[in-house]
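Those protein sequences? They're chains A and B, same order as listed. Per this note's numbering, residue 1 is the first one in the first sequence, and the count goes up by one each step. Per this note's numbering, residue 1 is the first one in the second sequence, and the count goes up by one each step.
Read the hints as simulated data drawn from the structure, not as lab findings. A portion of the hints provided could be inaccurate.
[What the hints assert, rightly or not] Below, computed lysine-lysine pairings styled on BS3-like, alpha-carbon distance capped at 25 Å:
| no. | chain 1 | residue 1 | chain 2 | residue 2 |
| --- | --- | --- | --- | --- |
| 1 | A | K48 | B | K48 |
| 2 | B | K48 | B | K92 |
| 3 | A | K58 | B | K73 |
| 4 | A | K130 | A | K117 |
| 5 | A | K41 | A | K156 |
| 6 | A | K181 | A | K134 |
| 7 | A | K147 | A | K181 |
| 8 | A | K179 | A | K100 |
| 9 | A | K77 | A | K134 |
| 10 | A | K31 | A | K179 |
| 11 | B | K19 | A | K41 |
| 12 | A | K48 | B | K73 |
| 13 | A | K167 | B | K108 |
| 14 | A | K159 | B | K108 |
| 15 | A | K156 | B | K108 |
| 16 | A | K77 | A | K130 |
| 17 | A | K156 | B | K88 |
| 18 | A | K108 | A | K164 |
| 19 | A | K156 | B | K115 |
| 20 | A | K130 | A | K108 |
| 21 | B | K108 | A | K41 |
| 22 | A | K144 | A | K100 |
| 23 | A | K130 | A | K159 |
| 24 | A | K159 | B | K19 |
| 25 | A | K48 | B | K92 |
| 26 | B | K92 | A | K164 |
| 27 | A | K68 | A | K164 |
| 28 | A | K68 | B | K19 |
| 29 | B | K19 | A | K48 |
| 30 | B | K88 | A | K41 |
| 31 | A | K77 | A | K114 |
| 32 | A | K181 | A | K159 |
| 33 | A | K68 | B | K115 |
[Said to hold, decoys possible] A few chain B residues that don't get close to chain A, going by computed Cβ distances all over 12 Å:
| no. | residue |
| --- | --- |
| 34 | Q14 |
| 35 | D20 |
| 36 | E57 |
| 37 | K92 |
| 38 | L119 |
Just so it is clear, CB atoms sit at the ideal spot from N, CA and C, and this is done for glycine as well.
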Amino acid sequence: MPSLDDLRKRITSVKSTQKITKAMKMVAAAKLRKAQENAEKGRPYSEKMNNVILNLSKSITDKENSPKLLVGTGEEKVHLCIVLTADRGLCGGFNTNIIKKAKSYFEKIISENKTLKIITVGSKGYDQLKRQYKSYIVENISFKESKNINYFDADKVGKIIIEKFEKNEFDVCAIFYNKFKNVITQIPQEQQIVPLNEDKDDKDESGNDNDYEFEPDEDEILSNLLPKNISTQIFKAMLENSASEQGSRMTAMDNATRNAGELVDRLTIEYNRSRQAAITKELIEIISGAESL
Amino acid sequence: MSNLFNIDIVNPEQSFLSKDNVFEVVIPAVEGEIGILKDHIPIISFLKPGIIRVFSESEEQSFYVEDGIVEFKDNTLSVLTSSIFDLKDADKNFVSESISSAEVELSKDNIDDQKRFLLNHKVEVLKSISIN
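Start from the sequences and build out the full structure, keeping to the hints where you can.
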């Protein structure tokens, strides 16, 4: 049985841990609000971008000669996976969930004898993947220095992807991130960005026959637009990710705080019991000592 | 009948400007400036560095854009751009920095004609801003 002194020390240590987790929860809650706001503000841009691309790709008749970023290289041999994770830990299953999703995709690619290339964005993803997939990781990007998520950073990643695509280094590109549903739920997502996957559901052309005028022609606009779209998709993923990270951290820290509270309660009871036991023992000793006289 | 239409300017981070009472917008499209009035034919184009001028009933606003895509449809003009600022609160330092970085880029040998043209144009527009 631990001594009274040990118990007291443990209670203090659990209490100070609780203070830390509580503070982290508050910070995460404040950051979450901001991240959520940012994610919402960023939505119109990516939506409009999608719209424009959809309209453009509809009006393209000559599928053979359209930009490869849209239709793909015609092969599916080399897969490039962009895994977006956080730079910090202590956020529950946030990073692990993305990694898990990515790993199952990797296994599929490897078992099909295709080439796999990985780019990790965020240091936690790199840390977790390097043990198993070190040889596949071609690049590791981290934006630890930037305080806020900005488009400039996303654009950097986008440019790397484009550059690799132009050098024919991959055929298919997919990104992995957590989609923010609400504070408790974040859904790990796998999204293919090259070639662009068109949603088949949007395909019914119900009265949507807008004949656009294009200036310059469709191909040129598309080849200008598609690289931008990749950056936009990355940016969107980063925004969703940051909201998810804070949400996940908030829930994790909330749980931790609650657990610490329970632990303190249990330890306090144990402490009181052994204190009481010690007192009783002393009393018995005194009484029996007095009796023997 | 009103001759007004809507304009939405969005950048990746947020919605930059949204108005529903403009009667003319002049955009620096890549093949020359386009003036857009109500009931313009649906159009998709992209921008070169230049000034977007938005005329509404009460005021005239000017914005500098570096690149972007414009879409006009159902009397709504959407401008998607990653770099935009209002000419009124143009930052002198930022402008001169942009000019010098563009000039550095220009002095490199490995750029193609189209890029050279765009950069030249950018320098020109930025210089005209910094004079005002």
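Practice task
Would you pick out the hints that fail for this structure and give their numbers low to high?
Solution key: Hints 6, 17, 21, 24, 25, 26, 28, 32 and 34 not satisfied by this model.
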